[in-house]
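Listed here are the chains, written in short residue letters.
2 protein chains.
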Amino acid sequence: VEADLVVRNCRLYVPYTMEFIECDVYVSGGRVLAVDCGEGYRIACREELNAGGRPVVPGFIDAHFHVDSSMLAPWTLARALAARGTTCVVTDPHEVANVAGVEGVEWLMEACGSLPIRVYFQVPSCVPASPFEDPGAELSLEDQLRLAERGCIALGEVMDYVGLVSGDPRLSRLVSEARHRGLVIEGHCPGLSGLDLDRYVYAGVDSDHTKLTSGNALEKARKGVFLEVQEKSLTEDVVDLLCRLPPGSYCLVTDDVLPDKLARDGHLDHLVRLAVKLGLPIEKALYAVTLAPAARMGLRDLGAVAPGKAADLAVLEDLESLRARVVFCRGRLVYRRGGAPPVEAVSVPRRFLSTVHVAPLHEEDLAIRIGAKRGTAVVNVIGVEERSTLTRWLVREVPVRDGLLRWDETGLTLAAVVNRYGRGRRALGLLEGCRVEGGAAATTYAHDAHNLIIVGNSPRDMVAAAEKVAGMSGGVAVSVGGSIRCALPLPLMGIMSLDPLEKAAAAVAEIKEALRELGYRHTDPLKSLSTLTLTVAPELRLSTWGLVDVKRRRVVPLVVKVSEE
Amino acid sequence: VEADLVVRNCRLYVPYTMEFIECDVYVSGGRVLAVDCGEGYRIACREELNAGGRPVVPGFIDAHFHVDSSMLAPWTLARALAARGTTCVVTDPHEVANVAGVEGVEWLMEACGSLPIRVYFQVPSCVPASPFEDPGAELSLEDQLRLAERGCIALGEVMDYVGLVSGDPRLSRLVSEARHRGLVIEGHCPGLSGLDLDRYVYAGVDSDHTKLTSGNALEKARKGVFLEVQEKSLTEDVVDLLCRLPPGSYCLVTDDVLPDKLARDGHLDHLVRLAVKLGLPIEKALYAVTLAPAARMGLRDLGAVAPGKAADLAVLEDLESLRARVVFCRGRLVYRRGGAPPVEAVSVPRRFLSTVHVAPLHEEDLAIRIGAKRGTAVVNVIGVEERSTLTRWLVREVPVRDGLLRWDETGLTLAAVVNRYGRGRRALGLLEGCRVEGGAAATTYAHDAHNLIIVGNSPRDMVAAAEKVAGMSGGVAVSVGGSIRCALPLPLMGIMSLDPLEKAAAAVAEIKEALRELGYRHTDPLKSLSTLTLTVAPELRLSTWGLVDVKRRRVVPLVVKVSEE
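Top line first, the protein sequences correspond to chains A and B. End of the first sequence = 565 in our numbering, gap-free, step of one. End of the second sequence = 565 in our numbering, gap-free, step of one.
Wrong hints could be hidden among the right ones.
Between beta-carbon pairs, the in silico distance windows are [said to hold, decoys possible]:
| no. | chain 1 | residue 1 | chain 2 | residue 2 | range |
| --- | --- | --- | --- | --- | --- |
| 1 | A | Arg264 | B | Ser166 | 51 to 57 angstroms |
| 2 | B | Leu141 | A | Gly52 | 42 to 48 angstroms |
| 3 | B | Val346 | A | Arg173 | 31 to 37 angstroms |
| 4 | A | Asp301 | B | Glu363 | 38 to 44 angstroms |
| 5 | A | Arg244 | B | Arg387 | 36 to 42 angstroms |
| 6 | A | Glu317 | B | Glu2 | 38 to 44 angstroms |
| 7 | A | Lys503 | B | Gly215 | 52 to 58 angstroms |
| 8 | B | Val556 | A | Arg46 | 39 to 45 angstroms |
| 9 | A | Arg323 | B | Val556 | 25 to 31 angstroms |
| 10 | A | Arg146 | B | Gly424 | 55 to 61 angstroms |
| 11 | B | Arg387 | A | Glu22 | 32 to 38 angstroms |
Hints in this document: simulated from the structure, not taken from any laboratory. Predicted model only: the values in this text are computed from it and were never measured. Just so you know, even glycine gets a beta-carbon here, dropped at the ideal spot from N, CA and C.
Pulled out of the complex, with its shape left as it was, chain A reads as follows (with noise of 0.2 angstroms):
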């Protein structure tokens, strides 16, 4: 037996007995070909790397991630993705769904296949992600399933509990049909309790990535609910909860990076530093990163550094830091600290760089117009919070002068989504708790449909900002003045960037500052603007079709009533 590799003198993390053990990890044809604990093998290598005692972990597995909302293209995510020590993400591909159909998954997975990490698919299950959405492309089921027979290893996020808890029948049967294939499937449902919990399990959904507190956490762990801990979650009652979990029971995940955070922060790594310094025991938090997600796959060759099992692996400066040294996928070099190889790009079809088709706006399409000269007009509002992506539906009194809702003279601030698919449809509506003071913001990042979003307190702003947008086929804009501040290409279906992660990284960065010097007060900004527009999630959201009454799913009218004067 002749090996290509071998690792020596690493202090091995072992999942199958959560403990690190000293030993030579020998390397061959992508899999680990034996593990000598002081036993002396004698196996020829082609090379030989000396970890010096420093420890060595299975690459990192993120159960639920999505490659395409990280606003980068796929090859330069993967780069920064093993530089953390991630060889391995589970990715539900709804954005790609969302703006270019079967078509645009099938081109992600051609192009993640050569990557230097691996990305598994799941199946999109929401494609509108409600009846409410306006996107590029539809999935119908026949789609999906073709997706599942392409070798998708799970159903994605089954965002409409709603439906699936009433028993949509269409809903019902991707499920069934999912599990009839051996797929994982994959949930969401933020705050689902009780007996509408039971429900959404029954139906077949096993899995949460959505906001969890102790409480729910325990309710839905014990209701059979593999949980997928968001940093979000990730707080000291959360982590109290998982000490206690036997280690199969929950795994960390990522789901959206954004350039500016992967750079920053990290991205599986950032979660199991968090989780240790919240009390989570560094074998358990490795463990949440390894063998739990590749167990919750049914990925059997993955998670674990052991004989037959794949070559991904990560050895790391130490423990405190986790910073990675070198890091190997499919017993393959895919970073090496200071000198990582490069990635190449793969090409992209014409067609999936300009997708975006927007019909020219004018200040006067901002207008509200009201059947009334002068009075008071009663407005449903959209209340942004500060620290969540989940809003409120307000009900709010706004003056009416010259057949025009002045908005502008309390406090609120206005939003235009935009068709950006050529179809012409939009729609306007109001903020409370975010400004964009003289300025605008647009975006056609924004889920799920990724149509045009533009937010702002300036009408000339707005139009500023969303020209620009749609000048480069795809991005986001900040207006200051009636003068563009900053701006991200994203001319990749809209929403990826071509740029390297550094330079996408930096203009997210200014983009975020901008928007909170202009008074857009959240933790992230750029998140909140961008899931304005997202129709499954509580409680008032705005689409091409109106404002979005999510619970009870419906569209409620932006005036409710006019008092004239």
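Keeping the supplied structure of chain A fixed, place chain B upon it in accordance with the hints.
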């Protein structure tokens, strides 16, 4: 929603959180509909059962079991297992495959399909177990792949670890084809360690159910071997180790259980009690017979009582006795204390009831003739161990008189293995460490080829016992002083009884007792007897080919050297 059944006031064991919770469990259509933890769900129910605060557990699952080595007909076995809270076994039908090939396996699969408990199948990996067996049938690679397509979920214990490690092409291909089809690969590697273990695991086999010590269990676990812990491995040291492992790294299994043991001690319930007695917390012990085996075997709907999971559950008297009070499988009652529903027998094709075809045996056939009048002979002898089914390879000097080997003068015991599939081949051997003074025992229940083995110190009784077994179309018989002392007919393929549990259990107990009385010192003389023929277990065995040196995979002569006086 209407439920078929509600079990109220459960103290439910939840493996996901490793705790007991008070709740009501609703069942509908064979699955758990809802688990109500005091919220007062309003669900109409057709039937109600009050658990009265007693423990309720998911039905026990045995991931490594042989239905066909239980000596019971499948329907009798199923009833006995259900009474112990076991609702699922994963069986490797290699006994039936050795007797009746693919046809036999397909019949068994069909027969098990109508049982009240779940029986999942593995593809027997080695039929014959080695080139030195002489079975009724063999499985070709094509046969095995056909079984893989017919719904088998795993490749059965790859016993020929020597073959696999040395790269036997047929076996390597089988393992890789099975992996490719997503089958779990089950192992069997007694004492394997170091680089040979790495190689075995590298080839794709990642479990082991053979005798474990804490040392080799730790080594195996570290290398990714899922530990299937049998009773013989349940020592204080091993349990100490299990306490430290994550609960997904091991399970409890029973492998072969004879009727007397099943009736007296039980099944997995017995192992749980034993493990707890040795220090394993009950929460972990229960995990090891519910969620751990289900996850290992990819049985996603089993192993827990939670919404959407199978309604396989047992109401127990208490956690100390673990005695089952009521047991459900697929939501149907399969056991109720004091009044279990009967299980219908499945019709057996006539040919499976007459599988024993032995040429008449005479006392002269048992004489060992030597090409010398008088002197001594050096002979190879099987050393029987008192507390194990492993054997030692001994070399002894035996007197020769009148051209005959006088083994009877040296404290040895004679053994004969006779082909029982009408092919006439037979061989003789000698045993040390066990006696059958003035008598003999014979059986067609002899792993893995299930030929007729006869051991004894009286050739007359050996002939009588053999005739008795042949006359019963298979079974076990003990003869003393020329007449049959006790016997158990096993007419179904020569290895399974058609009697009820109690009757078979009494017969087996009687046979063991008789063997012990006659001088067969062993913790389980019948198990010892029936494995003397197992040519894959070290060190020396007897098949119709003669004495088999297991480690070097060759036949060795009974008589090594003769010195004439």
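We went through each hint and held it up to the structure:
1. Arg264(A) x Ser166(B): 51 to 57 angstroms: 53 angstroms, holds
2. Leu141(B) x Gly52(A): 42 to 48 angstroms: 46 angstroms, holds
3. Val346(B) x Arg173(A): 31 to 37 angstroms: 35 angstroms, holds
4. Asp301(A) x Glu363(B): 38 to 44 angstroms: 59 angstroms, violated
5. Arg244(A) x Arg387(B): 36 to 42 angstroms: 40 angstroms, holds
6. Glu317(A) x Glu2(B): 38 to 44 angstroms: 60 angstroms, violated
7. Lys503(A) x Gly215(B): 52 to 58 angstroms: 55 angstroms, holds
8. Val556(B) x Arg46(A): 39 to 45 angstroms: 42 angstroms, holds
9. Arg323(A) x Val556(B): 25 to 31 angstroms: 60 angstroms, violated
10. Arg146(A) x Gly424(B): 55 to 61 angstroms: 59 angstroms Cβ-Cβ, so the 55 to 61 angstroms window holds.
11. Arg387(B) x Glu22(A): 32 to 38 angstroms: The hint (32 to 38 angstroms, Cβ to Cβ) holds, given that Arg387(B) and Glu22(A) are roughly 35 angstroms apart.
Of the numbered hints given earlier, the model fails hints 4, 6, 9; all others are met.
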